[in-house]
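Engineer: Chains as they are written, first to last, in numbering that gives the first Met the number 0: chain G, 0 to 293; chain D, 0 to 293; chain E, 0 to 293; chain P, 0 to 293.
Mixed in with the good hints, there may be bad ones.
One copy or any two copies: either way a pair holds, since identical chains are not told apart in the list.
To be verified - Below, in silico cross-link-like pairs of lysine to aspartate or glutamate (EDC-like), each with a Cα-Cα straight-line distance of 16 angstroms or less: (1) K102 - E134; (2) K154 - D185; (3) K151 - D185; (4) K102 - E116; (5) K115 - D132; (6) K151 - D242; (7) K167 - D122; (8) K115 - E72; (9) K102 - D132; (10) K102 - E72.
These are computed hints drawn from the structure, not numbers from a lab.
Residue-level listing of the chains:
There are 4 protein chains.
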Amino acid sequence: MPASSSSAVPALVFLVQSADQPGLVARISSFFHERGFNIVHLEQHADPVSSRLFLRIALDQRGLRSSRAELTEAFGALADALDLTWSAHFADHTQRVALLVTKASHCLYDLLVRWKEGELPCDIPLIIGNHPDLEPVANAFRVPFHCLPVTKATKPQQEAEIDALLRKNHIDLVVLARYMQILTADFTDRWTGRIINIHHAFLPAFQGARPYHRAYERGVKLIGATAHYVIAALDEGPIIEQDVVRVTHEDAPQSLIRIGRDVERVVLARAVQAHLEHRIVVDGHRTVVFGRGS
Amino acid sequence: MPASSSSAVPALVFLVQSADQPGLVARISSFFHERGFNIVHLEQHADPVSSRLFLRIALDQRGLRSSRAELTEAFGALADALDLTWSAHFADHTQRVALLVTKASHCLYDLLVRWKEGELPCDIPLIIGNHPDLEPVANAFRVPFHCLPVTKATKPQQEAEIDALLRKNHIDLVVLARYMQILTADFTDRWTGRIINIHHAFLPAFQGARPYHRAYERGVKLIGATAHYVIAALDEGPIIEQDVVRVTHEDAPQSLIRIGRDVERVVLARAVQAHLEHRIVVDGHRTVVFGRGS
Amino acid sequence: MPASSSSAVPALVFLVQSADQPGLVARISSFFHERGFNIVHLEQHADPVSSRLFLRIALDQRGLRSSRAELTEAFGALADALDLTWSAHFADHTQRVALLVTKASHCLYDLLVRWKEGELPCDIPLIIGNHPDLEPVANAFRVPFHCLPVTKATKPQQEAEIDALLRKNHIDLVVLARYMQILTADFTDRWTGRIINIHHAFLPAFQGARPYHRAYERGVKLIGATAHYVIAALDEGPIIEQDVVRVTHEDAPQSLIRIGRDVERVVLARAVQAHLEHRIVVDGHRTVVFGRGS
Amino acid sequence: MPASSSSAVPALVFLVQSADQPGLVARISSFFHERGFNIVHLEQHADPVSSRLFLRIALDQRGLRSSRAELTEAFGALADALDLTWSAHFADHTQRVALLVTKASHCLYDLLVRWKEGELPCDIPLIIGNHPDLEPVANAFRVPFHCLPVTKATKPQQEAEIDALLRKNHIDLVVLARYMQILTADFTDRWTGRIINIHHAFLPAFQGARPYHRAYERGVKLIGATAHYVIAALDEGPIIEQDVVRVTHEDAPQSLIRIGRDVERVVLARAVQAHLEHRIVVDGHRTVVFGRGS
Chain G
0 MPASSSSAVP ALVFLVQSAD QPGLVARISS FFHERGFNIV HLEQHADPVS
50 SRLFLRIALD QRGLRSSRAE LTEAFGALAD ALDLTWSAHF ADHTQRVALL
100 VTKASHCLYD LLVRWKEGEL PCDIPLIIGN HPDLEPVANA FRVPFHCLPV
150 TKATKPQQEA EIDALLRKNH IDLVVLARYM QILTADFTDR WTGRIINIHH
200 AFLPAFQGAR PYHRAYERGV KLIGATAHYV IAALDEGPII EQDVVRVTHE
250 DAPQSLIRIG RDVERVVLAR AVQAHLEHRI VVDGHRTVVF GRGS
Chain D
0 MPASSSSAVP ALVFLVQSAD QPGLVARISS FFHERGFNIV HLEQHADPVS
50 SRLFLRIALD QRGLRSSRAE LTEAFGALAD ALDLTWSAHF ADHTQRVALL
100 VTKASHCLYD LLVRWKEGEL PCDIPLIIGN HPDLEPVANA FRVPFHCLPV
150 TKATKPQQEA EIDALLRKNH IDLVVLARYM QILTADFTDR WTGRIINIHH
200 AFLPAFQGAR PYHRAYERGV KLIGATAHYV IAALDEGPII EQDVVRVTHE
250 DAPQSLIRIG RDVERVVLAR AVQAHLEHRI VVDGHRTVVF GRGS
Chain E
0 MPASSSSAVP ALVFLVQSAD QPGLVARISS FFHERGFNIV HLEQHADPVS
50 SRLFLRIALD QRGLRSSRAE LTEAFGALAD ALDLTWSAHF ADHTQRVALL
100 VTKASHCLYD LLVRWKEGEL PCDIPLIIGN HPDLEPVANA FRVPFHCLPV
150 TKATKPQQEA EIDALLRKNH IDLVVLARYM QILTADFTDR WTGRIINIHH
200 AFLPAFQGAR PYHRAYERGV KLIGATAHYV IAALDEGPII EQDVVRVTHE
250 DAPQSLIRIG RDVERVVLAR AVQAHLEHRI VVDGHRTVVF GRGS
Chain P
0 MPASSSSAVP ALVFLVQSAD QPGLVARISS FFHERGFNIV HLEQHADPVS
50 SRLFLRIALD QRGLRSSRAE LTEAFGALAD ALDLTWSAHF ADHTQRVALL
100 VTKASHCLYD LLVRWKEGEL PCDIPLIIGN HPDLEPVANA FRVPFHCLPV
150 TKATKPQQEA EIDALLRKNH IDLVVLARYM QILTADFTDR WTGRIINIHH
200 AFLPAFQGAR PYHRAYERGV KLIGATAHYV IAALDEGPII EQDVVRVTHE
250 DAPQSLIRIG RDVERVVLAR AVQAHLEHRI VVDGHRTVVF GRGS
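Work out the full structure, taking the sequences as your base and the hints as a guide.
Structural biologist: If you want it as structure tokens, here you go:
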């Protein structure tokens with residue numbers, strides 16, 4: 000990862016999906032070629048089961064001769080004609096990420112260090128905790144920390160406060176960095192496709208609480224972690240990234256918890272990075288995660 | 000793996016378990032030392048959750064000055080005094096393995112090739128299929144093949160025939176090499192700890208049928224395989240070995256099936272090898288799998 | 000992998016490379032669109048270091064309305080205009096693969112089993128050994144076996160015989176499945192890009208002879224295997240695929256050799272599969288290995 | 000990992016090595032049993048190539064009825080009689096670790112976060128940098144930072160200052176957390192077995208400078224990292240831990256550097272943890288790394 004994030008995220012990325020149709024790649028690539036853009040990276044995926052087509056096109060910014068409004072309007076017209084679902088992402092809009100935490104610090108530290116080191120192309124303007132424990136970590140990285148405690152009774156109220164803070168801070172992405180609360184459908188519906196959670200198990204194994212203890216009892220030989228977009232159904236959102244690590248009979252639950260942290264960290268970081276680089280398209284319960292490009 | 004299997008399996012292996020108690024390792028190692036045995040490999044595991052102790056002791060055969068009967072009788076007396084559960088395994092007894100198959104050939108081929116190449120320290124005197132499809136493979140390796148078709152109605156009868164064949168052939172271990180039938184509790188109880196199955200998923204995810212199709216639908220980013228001892232409850236026996244391989248959105252179910260074969264093969268082979276080398280102790284729903292030793 | 004290889008290999012694949020130039024994807028995809036082809040898979044790679052562009056385009060065969068000669072002639076004209084290096088691959092030409100072996104059987108068995116099971120989209124019309132040891136394996140799979148012993152003095156002569164056999168059998172790809180002879184530059188130059196070797200180490204570590212023994216002496220904690228195209232310089236050809244497996248201090252050289260076999264097998268098979276699916280482009284000392292597509 | 004580090008490191012660990020000899024395990028385990036110790040973990044490794052035997056014995060502290068001096072004196076007498084090389088490690092001595100750094104921060108952050116979180120059973124009383132860049136990181140974790148710049152001419156002088164600081168701070172272990180200076184034989188000889196370095200490549204591949212650039216040029220498909228004890232010969236010390244991560248043709252050198260950081264971090268942390276838990280014995284150019292125990 001370069002020292003400056005600008006070289007990691009292409010100047011302009013279009014994410015497109017539609018029903019599969021002949022000539023789509025040709026028509027879209029011609030659209031950009033005619034307007035003087037150079038295609039830096041193009042990756043296409045035609046899903047044979049759903050018969051849908053997914054495209055990621057990264058463009059060189061030198062090609063942008065017209066205004067953004069003109070470009071997106073023109074592409075919108077093409078998209079209407081071809082019945083495409085699409086989004087355009089300009090690299091000079093630095094995405095704003097909020098971190099939600101509880102007491103476990105390892106994912107919080109990991110994301111803050113990566114951000115501090117220029118690995119994550121984003122701003123992190125706020126951290127929200129339902130406990131005060133991690134405020135010192137936020138302070139060490141000079142990120143404002145908001146403590147919003149929650150009980151079953153106060154959850155709607157607390158989520159409204161979170162929602163207000165997110166909106167006030169123009170947040171693009173919410174990362175649940177071991178936030179140990181179940182969000183209501185009301186909240187997750189409002190932030191669909193913009194909340195990433197890390198679950199400390201290889202989903203769909205060990206959904207729900209205390210996965211490492213259950214992994215110990217089941218005697219599995221690998222433990223894992225799963226980063227996914229959050230939907231109303233617990234631990235059932237579209238999976239972005241997973242990984243595992245080998246364990247043995249020698250690893251009691253406390254050992255699994257410790258070993259698992261390293262997987263949680265890296266899986267969450269990879270998922271957040273892919274999202275920030277506009278490499279993910281959600282396809283129902285599945286995700287298309289395009290390559291890093293060159 | 001040495002060219003001859005004799006050097007892979009130590010001459011004499013004791014597997015021991017008991018409630019944890021002080022001085023156990025000292026007393027057991029002294030027992031063998033006093034009788035002139037050299038300990039080639041000793042591995043001990045004290046489970047902090049169950050408070051049980053597990054030991055694998057591999058001995059040099061040059062030490063065997065008394066008869067086997069005397070040795071096992073003497074150890075039995077010690078074991079009674081210390082309330083140990085134990086078994087002794089002499090390398091010059093070549094274990095006899097039966098393979099049960101249906102139509103998929105990859106695990107069958109894999110085990111036969113390893114056996115042919117001297118990697119698996121065992122004999123394979125028979126293959127049983129509930130379909131005739133794999134008889135040519137058995138023939139190519141000159142292993143007798145028995146076709147025992149089965150329907151829901153004839154299952155008790157067919158399992159009785161299998162059981163008879165296994166007993167007649169003095170089988171020590173039954174390997175379900177993608178045998179696509181659920182065995183009855185009656186059968187599995189009779190062969191407890193002596194049936195190894197390969198499940199084509201990372202258990203406990205995707206228990207039951209069509210795991211690759213369900214993995215596709217869930218959109219997982221890794222697929223796996225699990226080798227386990229078979230108990231009456233489907234896919235819930237003690238896990239011996241697991242592994243995974245990375246897949247992407249590009250992999251439709253047929254691709255997952257193909258990629259998964261390589262994991263199934265190697266996971267099953269590792270489990271069978273560990274069993275044949277007397278490296279596994281079952282501890283309730285879990286297994287202790289000792290190291291390969293030197 | 001589907002039962003029939005036809006669904007694994009797209010009907011028509013173009014592999015293209017050139018200096019990076021604006022509009023290339025648009026022009027090429029338009030070329031096919033205008034001729035009524037549907038692009039099943041398109042992947043593009045722009046190398047930022049070499050400033051070269053690489054493309055793989057897989058086409059639906061239903062689009063082929065003109066003759067092959069017309070299509071390739073028309074594309075050739077475009078390619079000349081754009082200064083492209085390219086090749087076209089029609090799936091109904093079943094590629095013909097020759098296996099070269101010495102005494103180790105595991106890679107030979109592995110490829111033959113995959114081929115027998117319909118995983119590898121190719122014919123295997125001949126196996127050549129410089130020792131007679133593996134003739135029985137060839138016989139079991141009913142593939143003609145040619146024993147061509149070699150000494151330092153007879154190498155030019157023996158290679159001429161190999162070359163003659165390959166040509167007579169219209170071989171497209173030569174796979175060195177643990178063939179323990181160094182081929183002369185004369186031979187490798189004639190078959191550039193059409194010989195795949197498996198080296199039993201993670202190159203560039205442990206080039207040359209006895210890599211497992213040297214891995215033991217160096218005390219590495221992982222051992223690996225490398226599949227690469229063969230060039231005149233030993234073990235220095237472009238790498239296609241690599242993988243590793245964890246080992247410990249308990250693994251003496253013989254154990255490393257045994258464990259390593261599983262990595263060698265799967266790494267070689269993946270490389271051969273990628274080649275047969277026309278997913279590889281050589282870029283100097285490096286390879287671009289495109290995705291499996293959907 | 001337990002909340003308190005004390006439970007991770009057994010109360011008392013003996014590391015023993017000797018020429019292989021009959022009855023060693025029995026005599027040593029009897030020694031402890033007779034003195035009322037309970038053996039919490041015992042692992043033995045008999046190297047068939049060097050014919051040496053290695054033992055790690057972890058003891059319950061409740062057994063310590065005599066003084067440490069008496070215990071170690073008594074064991075010393077046994078060790079002399081059996082010609083053992085050995086060391087004893089008491090958990091209530093908290094080991095003291097110094098970190099040496101240059102400009103790259105990822106390994107420094109990683110170790111500090113783990114230490115802060117109670118994962119690493121040690122104190123970190125000082126950080127030494129040959130550049131001032133990482134002083135703010137040290138400050139954030141309230142660890143004294145010493146900047147000791149170095150040139151070729153001043154190296155002996157600077158190393159003398161480092162040595163003095165290490166001794167003054169009673170340092171047990173020196174960790175080179177991406178310290179980009181080659182230490183002199185004079186220095187490494189004085190700290191043999193007490194300096195751990197992280198090399199950003201899978202040794203023995205890419206020894207020396209700029210390994211990621213050379214990995215790119217060679218076109219490898221995996222990149223790795225290696226933690227090893229430092230000896231006078233550059234990058235040739237005994238390897239403690241290695242790991243790799245998959246990369247593709249899409250990853251230019253900058254991308255390899257970024258991806259590699261995650262492997263470097265975790266490989267170095269695992270090596271430091273194993274050292275602090277007294278799980279490593281050096282055997283010439285190799286290491287025996289015992290299991291985590293239960």
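Engineer: Checked against the structure, which of the hints given earlier come out wrong?
Structural biologist: Of the numbered hints, 6, 8 and 10 do not hold.
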